[in-house]
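Engineer: Single-letter residue listing:
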Amino acid sequence: MFDWFNHNKRLLQHALKHQPQGALKHYLTTPLPDLNQPALAVDYLVLDFETTGLNPYQDHIISLGYTHISQGRIQLKQCRHALIKTNKKLTSDNVSIHQITDDDLAAGIDVQTMMEWLLTQMAGKALAVHYQKIEHDFLQQLSLQLYGHRLPLCVVDTLAIERRYLERQNQPIQPNQLRLFNLREQYHLPRYHAHNALEDALATAELLLAQIKHRQRQGYPLKLKDISH
Amino acid sequence: MEIEQLEIHDFLQQTHPLNKLDGATLKQLATAIEITYHPREDVVLEPGHNNHWLYMIRSGAVIRTDHQDGLVAQFGSGDFFGHRAIERGGLIKNKVSCLEDSLFYLIPDTLYHTLMQEVPAFNDYFSQQKNQRLKSALHELQANHDNILIKSRVADFLHPALTIDASLSIQDTAQLMQQQDKTSALVLDAAEKTILGIVTDRAFCTKVVADGIPAQQSIDQVMTHNPVCIDPHSNGLEAMLLMTRLNIRHLPVVQDGSLVGMVTATDLIHHQSHNPIYLVNEIHKATDLAQVVSLSQQIPTALVKLVAAGLHAKDIAHSISSIGRAIIQKVIKQTIQELGPAPIRFAYLVAGSLARNDQTAHSDQDNGLLLADNYEPAQHGCYFQQLASTVSDWLNRCGYVYCPGDVMASNEQWRQPLAVWQSYFERWILTPEPKALMYASIFFDLRCVYGDASLLDELHESVKQLIQQQRRFLAFMAANAQQNKPPLGLFRRFVLEQHGAEHKTLDMKKRGILPLTDVARVFALDAGTALINTRDRIQAACQAGVISSEAADDLIDSHDFLCTVRLQHQVKNIQAGQAANNHVNPDELSSLERRHLKDAFELISTYQDVVSQKYNQGQL
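In order, the protein sequences belong to chains A and B.
Mapping of the first sequence onto this note's numbering: residues 1 to 229, in sequence order.
Mapping of the second sequence onto this note's numbering: residues 230 to 849, in sequence order.
Don't read these hints as lab results, they were simulated from the structure.
Since the model is a prediction, treat every value here as computed from it, not as a measurement.
Certain hints may be false.
Unchecked claim - Computed footprint of chain B on chain A; a stretch qualifies when at least three of its residues, placed anywhere within it, have a C-beta under 8 Å from a C-beta of chain B:
id	region
1	171-178
2	212-220
As the list claims (entries may be wrong) - Estimated spans, in silico, between C-beta atoms of each pair:
id	chain 1	residue 1	chain 2	residue 2	range
3	A	Lys77	B	Pro276	16 to 24 Å
4	B	Glu662	A	Ala41	29 to 37 Å
5	A	Phe5	B	Ile292	43 to 51 Å
6	B	Ala773	A	Phe181	52 to 60 Å
Virtual Cβ for every residue (Gly too), placed ideally from N, Cα, C.
Can you make the complete structure from the sequences, with help from the hints?
Structural biologist: Structure follows, in structure tokens:
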């Protein structure tokens, strides 16, 4: 916890040395959410990237989808979905999963625009994702490329929440158990058929609410620090 | 990405009454929605607090406890709640809590008020109570075809007319009519175009014989001139009214001045009554049982015709049950002809849907033999054993398969003298263990189909007295009526039974009609009525003051709706070349039908609780 605070503080100090402008400046000068707040009182930006692969140094973001959670409710009016321009050709392998063609991609926004969007949306909020190695790592890599530094972030990872919970209970973890759709089933959330960044962001948002509410029901007055990194 | 492309949008679009919104309004609604989640046992609406959302259940289930009358209601996927509080300005009166982990779509109260004002279908949905909704649905279902004669055209049932020349003699006319099996003849002019007159079989009686006119005279001496004709496009009801008004039974059918045929009162009657009466007649006229077996195969066709004719579900079930009873009566009669007359008095009894007049398709045979008390097993046993097993075998061949529980007269247990039957009922009533209650619920629905009905009356009378002394028994029957619970909802709690090779379906009989039958039986026992039909029982219970008239209306509407849905399903079965069954696949129902079905199930569930509370207070 203390590490986290110091880590973000160092990132912020480092970032401010680069004399940030516009959305980045706004993001950096808005304080991250207070870790001692009740988890349900926090505002979240729930984000999902579709990428060409798992490696942030080589792979690209194809599309993003996000939604907001505020006062424990997912806000459909705050939903966004966008395709991201990339020069890298798609392999037939990942096309079949996401059903996005090169033509669709051409109509998308560039990464700078995407980043400005996200910084504006994210200011003062916790970033909620499922499996942070994608969203967190790609976001930090992109920030490094665009601004020369990483971002201070308050990340809440629904996969990590579940893994920590199971580890504390000394329960073995099955290979596919922590996948988004398997976890949703465990919390009796409906099965979604579509597979795109916005549907996944919504699916993650619903899972986060379910995780928080179930733990509270079991008598834990959850705070943000209990579920974030 | 537009919100229309999200799955949420599909879900909204498929849910009544949101499916009545236009595209722009639905999009506005989808954008305004906020999503929330509550785990099982969480209280969603707490009395005394304020609510400003219309809740729509996306997945899961909730229960609403009504503190005024103690009634509970359960809601599942696609259902709404919270609007009552909104209508009260936000004040929550009834507690709503989660039965399962649930995901909710929240619609702001401001938007709710706007939609109430601007969208009539939305307003109808939220301002009507479920029993009213069900009533209007039922009305819609039945209004489709009120009177079949109105829907039919004269052209549908006319037949060729016998035409003759005016110079033909009376005798020759009579012979022609006899040869061609006609009850009338039309007299045409030489060009065979204009109708000069009509002769009916009645004219031979009222004119030829009564006035003593010689049979060699020409027919124009006795014909009725310029008969009233009808157009082939007129409907059947018009034809019938015309005949009634003029007191005639034959109408020549004329189109654009030329004769196209003849329609008679018999044609109209045949058309209106369809096959059942005809079939019952044929069964009685059959000379051997092989004929009865083949006639019994016409039941599915008769069912399809009755449904197509738009008859009320209760009348259809009554007709099909009459056919079933005609078959068993014929089988018994033929068997007795072969075995010789019975040595003592007996009553052949049927139980179950055939007794209740609730039958729509072939069912298992449930029957028994009630013998007079002078029964001597050594002397008479063999005769009745033979009678019962022969009857049972023939019924099986007619499609009424052997009862899997062996509740048949061929089983000695159910082929006993009155005193033994009385001792059965006494045991069931005094020691109501589960098996006893099962038998009691079968044998409280008895009808005598053959033999001496007074034996059954005697049995009924003694049972009635027993029950009056043993009110506690009602509590057990009430508890027994809880056994088959109707499903709660369509997507989530709709219990779909897996059976055999069939897909997941809903057993309409077991989960809908039987629970209602059980509830009605308890009310009937309380009211002390001997009626067997479920609708009749409900009405009698209402008249006896056992239930309110609102309750009776609710139960009857639910029963009619369930029966109608089942009939439509069975017609689909038959038309697809399958045997009629009770297993409705939710996919065959429209979202509106699912909705109404759910209302009906909720009402049944509520009355099951009412029965349980009414009779079980401090007794179990």
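Engineer: A separate judgement is required for each hint: does it hold in the structure or not?
Structural biologist: Structure-based check of each hint:
| no. | hint | verdict |
| --- | --- | --- |
| 1 | 171-178 | violated (count 0) |
| 2 | 212-220 | holds (count 3) |
| 3 | A:Lys77 x B:Pro276: 16 to 24 Å | 30 Å, violated |
| 4 | B:Glu662 x A:Ala41: 29 to 37 Å | 58 Å, violated |
| 5 | A:Phe5 x B:Ile292: 43 to 51 Å | 44 Å, holds |
| 6 | B:Ala773 x A:Phe181: 52 to 60 Å | 57 Å, holds |
In terms of the numbered hints stated before, the structure departs from hints 1, 3, 4, listed from lowest to highest.
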